[in-house]
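Chemist: Chains as they are written, first to last, in this note's numbering: chain A, 1 to 369; chain B, 1001 to 1283.
Don't read these hints as lab results, they were simulated from the structure.
Check the hints yourself; a few may be wrong.
[Said to hold, decoys possible] Derived lysine-lysine pairs resembling DSS-like cross-links, with alpha carbons at most 25 Å apart: (1) A:Lys310 / A:Lys276; (2) A:Lys134 / A:Lys169; (3) A:Lys363 / A:Lys341; (4) A:Lys106 / A:Lys132; (5) A:Lys276 / A:Lys180; (6) A:Lys103 / B:Lys1229; (7) B:Lys1229 / A:Lys132; (8) A:Lys109 / A:Lys75; (9) A:Lys109 / B:Lys1192; (10) A:Lys134 / A:Lys103; (11) A:Lys75 / B:Lys1229; (12) A:Lys270 / A:Lys254; (13) A:Lys75 / A:Lys106; (14) B:Lys1192 / B:Lys1104; (15) A:Lys169 / A:Lys180; (16) A:Lys75 / B:Lys1104; (17) B:Lys1229 / A:Lys134; (18) A:Lys103 / A:Lys132; (19) A:Lys103 / B:Lys1104; (20) A:Lys75 / A:Lys103; (21) A:Lys106 / B:Lys1192; (22) A:Lys132 / A:Lys109; (23) A:Lys134 / A:Lys270.
[As the list claims (entries may be wrong)] Residues of chain B placed beyond 10 Å of chain A at every Cβ, according to the derived structure: (24) Leu1155; (25) Gly1185; (26) Val1208.
[To be verified] To give a feel for the contact side, a few chain A residues facing chain B, derived at Cβ under 8 Å: (27) Val79; (28) Ala80; (29) Met81; (30) Ser85; (31) Pro101; (32) Leu104; (33) Arg105; (34) Lys109; (35) Phe262.
The beta-carbon is built from N, C-alpha and C at its ideal position, and this holds for glycine as well.
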Amino acid sequence: MARVIFDGVSKLYGAGQTPAVNNLSMEIEDREFLVLVGPSGCGKSTAMRMVAGLEEISGGRIIIGDRVVNDLPPKDRDVAMVFQSYALYPHMTVRDNLAYPLKLRKIPKGERETRVREAARLLDIEGFLDRKPKALSGGQRQRVALGRAIVRNADVFLMDEPLSNLDAKLRVQTRAELIKLHDRVQTTTIYVTHDQTEAMTMGDRIAVMSLGVLQQLDTPQNLYDHPANKFVAGFIGSPSMNFVDVHLQAADGKLFANADGFRMRVPDAKGRSLQKYLGETVTLGVRPEHLVERSRININMPPDATIPVKVDVVELLGNEIFVYLTNGNTTLTARMDPDLKLERGQEIEVAAEPDRLHFFDPKSEEVVA
Amino acid sequence: MGDLNRLVRGGRGMSLAPNYVILILLLIFSIGPLAIMAFNSLKSRTEIGDNPLGLPRGLVWSNYSRAWDVGNFSTTMVNSGLLVAGTVIGVLLLGGMAAYSLAKLDLPGAGALMLFLLVVSSLPIHLFLVPLFVLWRELGLLNSFHGLILIYIALNAPLAIFLLRSYMVQLPRDFEDAARVDGAGEWQIFAKIVVPLSWPGFLTVGLVVALSVWNEFLLATVFLQDESKFTVVTSYQNFATRFSRDWSLTSAASVMMIVPIIVIFLIFQRRFIEGMTQGGMKG
């Protein structure tokens, strides 16, 4: 068990190229399950591979436990890794695959056997210890790959998109099993994924990365409720947050947001932080599930705080509907109750509770209110 | 249903007829000379003169035992075997390691080295036969198996490196990375992961090299002059007198020469073809 510290870590693949990982600093606590999430090419896998020792570190330090590991080869770092492709040795049986890391560490045969059997029992793969990987299903291979990491009793687990080769149903099931497994073995885990659902459901904390830069590191709920910038706001949540560029104007001592087709009063709670943007354009963000049809709003909403829209498309999903709304050139997505019985072309009014509205600086894209 | 199947299969057979005709023609071309050689190996010396292409009238099995003695095969077979074994082991070991480092270790200048190998291996041996002979004489490597094996290894290594490298390049990098994280060093990754995963490639290279060494004539004649060191191919000279050649003995000797090759090929042929056609392996 150990904590992992990134201290100003960078990765450059060539002089003059944009860094794959740029000055990454964060601390992963002992026993924590940290998810690194971001779109492909954001540097999350590179960051993890630097922890494993599979990529050289161009700048900064990586610390595992109390050791700076920059110059240690992978075998001396005491990390175990699960690969997206599983990377099970095809010429070895499941038993040999599990035992191989122990053999390399010169662990006596008796103990090797015991530990392999223990891991196999934990993952329910005892039945096919003598099979070769090609005789296993995708889910079984995935378990063997996990087993190969577990037998090591390593300080840190690294998992590089371990679920992405499984079908949707198995992925959900394995997700839950991974969480339970982490509860049991309590090993510090860094988990890389591009799937924000996986990130939200599995991580103690989530590090969101984009273009090699850490955007935000926080608990899933805080990321969702208080995104630090437009990228995080758009990346976390599905369907993703609506963004509308609005022009801020004052009238009668109140602040109004003007967009093509509508004018909406900005809640007083947000108004104060937005004063300095008066007369300028900011980006308004609101999540589809926070756009509510007027009749369903619980709090007293002043009439000038709602947005009149026309229903463009309704997608039925059974327990909920996705409604695509338009007003002028503005389009919004809302997630609503099917009981509303909305139809195409219908004109409605929607609004969001004041603390559900997010405002972003149009240039820096940082949250401003 | 059965009728339908038969109909369909019959139709398929008909449409494939031209293919079979071509294949049979090719078969006659490739098997024909071998068959004639086998027939002639069982004819008497006089019969070959009358009837060089037909079936033998009587079976003269003694040609084989005589050819064995004249060709001194009990010695030359062993000599050829030693050369083949030494060369194959050397080429696979050195070529395998070179291929691994070129395929997987991101060496600076790997591309230039590959180009160099390609250019050099396309030069004919006759160009440097004389300087090599002089050099080997100075080094005291003439008339020794290890001296000739060294040359054979050098000649065959480029092909081995090319074939093995292209095989290893296709192995997913995750296997090595997994082994590295599991605690393997570079040598263990090579020996325990990469070699077992590319063994069809090694088998192919081994067979190709073994064939070329077994059949090699020029270098064996030049570098092994002591009669006790003759190979199967150089012992061919024993069947010629100054003005004539005993064709029935020559044919019998030829059959005995190619038998080991055919046996090995039949054993490994499936793997051999896999190695030639299929690049990588899926986990």
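Chemist: Does the structure break any of the earlier hints, and which numbers would those be?
Modeler: Hints 1, 3, 5, 6, 7, 11, 17, 23, 25, 34, 35 are the ones this structure does not satisfy, whereas the remaining hints hold.
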